[in-house]
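Peer 1: Just so you know, the sequences run in chain order A and B. First residue of the first sequence: 1, per the numbering used here; consecutive thereafter. First residue of the second sequence: 113, per the numbering used here; consecutive thereafter.
Note that these hints are calculated values from the structure, not bench results. Warning: the hint list may mix true and false statements.
[Said to hold, decoys possible] Below, simulated DSS-like cross-link-like pairs (lysine-lysine); rule was C-alpha separation at most 27 Å, straight line:
(1) 56(A) - 138(B)
(2) 68(A) - 56(A)
(3) 99(A) - 67(A)
(4) 67(A) - 36(A)
(5) 99(A) - 138(B)
(6) 99(A) - 36(A)
(7) 138(B) - 36(A)
(8) 99(A) - 68(A)
(9) 67(A) - 56(A)
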Amino acid sequence: GEDVEQSLFLSVREGDSSVINCTYTDSSSTYLYWYKQEPGAGLQLLTYIFSNMDMKQDQRLTVLLNKKDKHLSLRIADTQTGDSAIYFCAESRNTGGFKTIFGAGTRLFVKA
Amino acid sequence: DAGVTQSPTHLIKTRGQQVTLRCSPKSGHDTVSWYQQALGQGPQFIFQYYEEEERQRGNFPDRFSGHQFPNYSSELNVNALLLGDSALYLCASSGYYNSPLHFGNGTRLTVT
Numbered sequence: 001g002e003d004v005e006q007s008l009f010l011s012v013r014e015g016d017s018s019v020i021n022c023t024y025t026d027s028s029s030t031y032l033y034w035y036k037q038e039p040g041a042g043l044q045l046l047t048y049i050f051s052n053m054d055m056k057q058d059q060r061l062t063v064l065l066n067k068k069d070k071h072l073s074l075r076i077a078d079t080q081t082g083d084s085a086i087y088f089c090a091e092s093r094n095t096g097g098f099k100t101i102f103g104a105g106t107r108l109f110v111k112a
Numbered sequence: 113d114a115g116v117t118q119s120p121t122h123l124i125k126t127r128g129q130q131v132t133l134r135c136s137p138k139s140g141h142d143t144v145s146w147y148q149q150a151l152g153q154g155p156q157f158i159f160q161y162y163e164e165e166e167r168q169r170g171n172f173p174d175r176f177s178g179h180q181f182p183n184y185s186s187e188l189n190v191n192a193l194l195l196g197d198s199a200l201y202l203c204a205s206s207g208y209y210n211s212p213l214h215f216g217n218g219t220r221l222t223v224t
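Chain A extracted, bound-state conformation:
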């Protein structure tokens, strides 16, 4: 993706917490998103945060936003083997209309 960067791989043990990080460049971005993609499927919206928020929690998911550093993270508590997938960070960028720009994705491996 253009200017949305993520690390490519993360491996964790079942039951541990996973933290996936993302950096973006457009300070005018209004919403930041996390999507999950399983093999052969489309993208599933996991959670999102508005740019004037610092944190959002939704069951096992916690999103942290550091707007000054343009850094977004997704923490998955008590990671399960079913969480193995590719996770995409995305920003809603205002370019005279809103378009959503995606990172290249982080592949999460969960070891039993």
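Given chain A, work out where chain B should sit, using these hints.
Peer 2: Chain B in isolation, oriented as in the chain A frame:
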């Protein structure tokens, strides 16, 4: 509540041919965006349709064109196919101009 549906699921074409992909948005959504996802990469924005007009466009050549119908469904057309057009084509819909995208499962296009 039907989500985003795309057809066909898989397609094999020859270089130089033309292809049409179809998308029906989630019920209640009026904006449709198309993305290309090459293997191992994040989705790349092709264009977005609203009120039957192309509202925004990404860095794709004119060989990529689209249409939106009065019932909000959409088509993506690609002319003069190249081997590099082989990818998963994702359709996403949203309910208003800056709301989260909801994705279909995509059309896997293979160009030989």
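Peer 1: For each hint, tell me whether it holds in the structure or not.
Peer 2: Evaluated hints:
1. 56(A) - 138(B): 26 Å, holds
2. 68(A) - 56(A): 17 Å, holds
3. 99(A) - 67(A): 19 Å, holds
4. 67(A) - 36(A): Within the cut-off at roughly 23 Å; holds.
5. 99(A) - 138(B): Holds, at roughly 18 Å.
6. 99(A) - 36(A): Given that 27 Å is the threshold and the Cα spacing comes to 19 Å, the pair holds.
7. 138(B) - 36(A): The hint holds at about 18 Å.
8. 99(A) - 68(A): With a Cα-Cα distance of about 22 Å, the restraint between residue 99(A) and residue 68(A) holds, given a limit of 27 Å.
9. 67(A) - 56(A): 14 Å, holds
Hint compliance for this structure: no hint is broken.
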